[in-house]
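**Q** These are the residues of each chain, in order.
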Amino acid sequence: MYYGYAGKILRIDLTHQKTTTESLDLKMAEDYIGGRGLASRLFYEEVNPTIDPLSPENKLLFATGPITGTGAPAASRYVVVCKSPLTGTIACSNSGGFFGPEMKFAGYDVIIFEGRAEEPVYVWIDDERVDVRPAKHLWGKTVPETDDAVIANTHPAAKVACIGPGGENLSPISGVVNDRTRLAARSGVGAVMGSKNLKAIAVRGTEGIKLADSKAFWQVLLEVNKKITNDPVSFGSFRTYGTANLATLMNEMGAYPTRNFQDVVFEGTHAVSGESLKAEMTRTNRACFACPIACTRVTQIDDPRFASKGEGPEFESLWGFSALCGSDDLAAAVKANYLCNDYGLDTMSLASTIAAAMEMYERGILTEKEVGFPIGFGLPNEMVRLVELTCKHEGFGIELAQGSYRLTQRYECPELFMGVKKQEMAGYSPRVFQGMSLHYATSNRGACHVRGNTVAAELYGIPRYMPPEALEQKEEMVRRPFQNSTAFVDSSGICLFTKFAITHREIVALMAASTGLDFTFEKSLVQGDRIWNLERLFNLHAGFTVADDTLPARMLEPAPSGPWQGSRAKLQEGLQTYYALRGWDEEGRPTRQKLEELGLVELGEKWSTI
Amino acid sequence: MKSGKMEENRFPVDDDKRLHKQDIDNQTGFEVLSYFQRFNQKNDIYNRTVWDSSLDANKKAGEFFGSHSKIDLARIRTADGYGHKDYALRNATWQVMDIAADLKSQSDNRTEGFLDTYTLHKPGSSGKRAVESPVKMSAEIKKVAGFIGADLTGICRYDERWVYSHSYNRIEKGEKPVDLPDDLPYAIVVAKEMDYELMKTVPSTLGSAATGLGYSMDFLIVVSLAQYIRNLGYRAVASQNDTALSVPLAIQAGLGEYGRNGLLITPKFGPRVRLGKVFTDLPLASDKPVKFGVQEFCQICLQCAYSCPARAISISQPSEKTNNISNIKGVCKWSIDPEKCFQLWTNQNTDCSICIRVCPYNKDYSQWIHRIGRRLSGTFLRKFMLKLDLLFDFGARKPPQWWWNRIFK
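Sequence lines, in order, name chains A and B.
Take the first sequence: its letter number 32 is residue 32 in our numbering, and every next letter is one higher.
Take the second sequence: its letter number 387 is residue 1387 in our numbering, and every next letter is one higher.
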């Protein structure tokens, strides 16, 4: 009998169109929790780190956590794990909405896709019944079209996760879209799904989740709910302005990357911010499963150039399509976000790629001959045109769809790539936030803001305020309260946005009450550490070294303006201390002692490259 | 598969697997594969309760069967349709069938009828009545069957593929050869309608009365019909759930088409029928299988699959995949999961029939409007017709109390 967990792992072999069900190993679940941890553990064991990410040998795992779908506040997350075609690291993208809980209601903690279907297929999971169906007629359709068609052919209550044309075209910056507008976007998980010829997954679940101690669970739940709804960040600003509230904050902080990270202050922010989005376009907000925050913006563009309706943008999308591209046109930014949603592309990576292209154009590396029309910073219409070209995979868009690392490599200007491990950075300048600089460089899936969002400490003072420009104690802060903690939160199935209001203790209490397993606060710290180290092991086996834990050279130059003028990323000063605190050697490899401590020795030796 | 689009939606079966094909399959649409095996009656889900201790449903199977003969007041629930009078009526309708099925055979240690063959009968005529025209004889047989009580009658050639590979003796718990002479070239398949209004009340003990009555009536029909043929001087073997699979024979005899829910869908009563058959050497003319769009409709409908509480009905395309040994091997079709299905029955202590109730073909076709609907469901309008069916909620359950009150008005 499983509590909290659904208890089953579904394995779908797309090559032979065979499905098998395995039961969840509770011992493994106790060590790796679920979601990101459990999926990474299963993935690590089964997939050789040196494979080509787009080959049939790569596997695609969808996983939920032990409190996903239990009704705990904002516990709606599922993760997608595979080897990333963008970075070559282990990829783990995370999304909310209703797909994760539905998957759990259907009885599955993890769904593993293997092999490659000969022709496009979609998978229809109705509780224990699994059907692999032809999807030729869906190939090439946008996300809303696919969603409608799949629901029409399955069940009105089905929840759909699919790829857009971006994933079909194997663009390494494409994501998996669920519930029409929610993306597990980063690291190119959509391309892996596309490489498997898997267009969509529809799930309907009718079985509930059993709780081990429902009385205790509800007690904690109410307490957590109260904390969240009383929190000024989680509930206050995220509910009122959405994540886009950060735009003004970041700009005022002087940490708002502008024009492909050349500057840290954007003069047009007042026109493109959470506040202007709320005033001009937001119609209402929407929530994921069981979420009291409801940060999603339901928006509408009235501007005749881009008149349309949709959801979003989130802060990073808004930032990418405004400050990063030097445009102060709100409608253009929102439209670009809609397009990315419909075609299943990662807004952050695409915006960064376009910004890089703009800088290349201004420097004369790109000309009108390659692009087809003049581009440059501060040209919103051209920016949207580039997004459209990328979405439709036409002309210059084909090169943009490869992401900025490959674009800058192709035109021999790698210094213009603003990212780490081939993945683009987010809207928090590492020149100012020293915590972010350390985190960007060491994150296991390339530059990424969510896996160690030290901004919480450096801006909001959660869990305690640390001046952004100083490096002292940041190594420890990045490691424990952020990276390890996020690994734990992502594995539990609760949304990261609750973390402003609640701590591990509450999440652990929820997990313990729902699963009946012995989860404790002390264990949660080790679990987070274990997951982070396991991902690190995969990357080391995949060929990553200490040389990859770095930042673009531009971040090491002083910031040109703003309140922190002259500040630069002090990464190199902190990296070795960080390694030492992690229990890694100077080359960034976990020591044997560390592996023993985490029980990872056997797994560490599984793939024999180090 | 008529329309091109449907064809596209199927994963084709390799041609070299289609070896067991017979001419009739072109008309019925059966896809029988090279590794086809005749079904062993031992693997029938009801017989598995006797020998298969691994079956989960076994825990409550005894109680389930027992409640059909003796009402245990402790099992009676307050829920509408599961009360004392509901049990009383259900068990009463099974009574006739039970009398036959509980008879012990005189020659050997086995039951007589229902799950085993009927051998208790009078000798019939010593001389054969000459048959001039098999066509005329067929018409007469249908007339007689209809007179005895059959609602539908069809005739097909004997097809060994659907005869059990072995019969099963529930008393001695062992397999035995099928007790059917192989020189009976025809099978007469009869169907008895189950009550439409009672079927609306399933799942309930009350609704099961329709099933019980169906079996009891079938018993009367097949035994009388077989005796009629014997009286003409020919050989006849009456059969219900024994000896051979009824549904494929019924399809070959032109009674209807195969549905997603694993049942025979007839044009006149939809899936709401009970089947019986008589094997005979009386010269007859066989009927042609009918097609009225059921298979295409089932491709898009899935109402039974989505409504099945046990999730026992396939949501996939017809395939060769079997769920467990209670499915026949080597036929490309929609296979239900009998284990899950029967487990639900034992849990609720009565059979279920939801897949019959919600089927859009489960209509009262004496009304012209539904006959038009049936016709349109076989055309390109099937999607629209399905939407209409859902809109009017024809598959909705009526409370068993509604049925009781209606009777007394």
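I should point out that these hints are in silico values taken from the structure, not numbers from a laboratory.
Honestly, I wouldn't trust all of these hints.
[Unchecked claim] Simulated pairs of lysine to aspartate or glutamate, DMTMM-like, Cα-Cα distance not exceeding 25 Å:
1. A:K136 - B:E1320
2. A:K18 - B:D1098
3. B:K1321 - A:E586
4. B:K1383 - A:D131
5. A:K606 - A:E587
6. B:K1321 - A:E399
7. B:K1387 - A:E587
8. A:K210 - B:D1056
9. A:K18 - B:E1031
10. B:K1321 - A:E118
11. B:K1176 - B:D1098
12. A:K27 - A:D518
13. B:K1387 - A:D131
14. A:K278 - A:D303
15. A:K392 - A:E311
**Q** Please go over all the hints and tell whether each is borne out by the structure.
**A** Cross-check of the supplied hints:
A C-alpha spacing of about 23 Å is found between K136 of chain A and E1320 of chain B, which places the hinted pair at or below 25 Å, so the restraint holds. A threshold of 25 Å between alpha carbons decides the hint, and for K18 of chain A with D1098 of chain B the separation of about 43 Å lies outside it, so the pair is violated. Distance check on the hinted pair: K1321 of chain B and E586 of chain A sit about 55 Å apart at the alpha-carbon level, beyond 25 Å; violated. Distance restraint check for K1383 of chain B and D131 of chain A: the Cα-Cα separation of roughly 21 Å lies within the 25 Å cut-off, and the hinted pair is therefore satisfied.
Restraint check: the Cα-Cα separation between K606 of chain A and E587 of chain A comes to about 20 Å, which is no more than 25 Å; the hinted pair holds. Between K1321 of chain B and E399 of chain A the alpha-carbon distance is near 45 Å, which puts this suggested pair outside the 25 Å criterion. A hinted pair counts as satisfied when its Cα atoms are at most 25 Å apart, and K1387 of chain B with E587 of chain A does not qualify at roughly 64 Å. The straight-line distance between the Cα atoms of K210 of chain A and D1056 of chain B is roughly 21 Å, inside the 25 Å bound, and the hint therefore holds.
For a cut-off of 25 Å, the pair hint linking K18 of chain A to E1031 of chain B stands: about 20 Å separates their Cα positions. With a C-alpha separation of about 20 Å, the suggested pair K1321 of chain B and E118 of chain A falls inside the 25 Å cut-off, and the hint holds. Straight-line distance between C-alpha atoms of K1176 of chain B and D1098 of chain B comes to about 23 Å, which keeps the hinted pair within the 25 Å bound. Restraint check for K27 of chain A and D518 of chain A: the C-alpha separation of about 11 Å stays at or below 25 Å, so the hint holds.
Only pairs whose Cα atoms come within 25 Å are accepted, and K1387 of chain B paired with D131 of chain A is accepted, the gap being roughly 23 Å. At roughly 15 Å between alpha-carbon atoms, K278 of chain A and D303 of chain A fall within 25 Å of each other, so this suggested pair holds. At roughly 20 Å between alpha-carbon atoms, K392 of chain A and E311 of chain A fall within 25 Å of each other, so this suggested pair holds.
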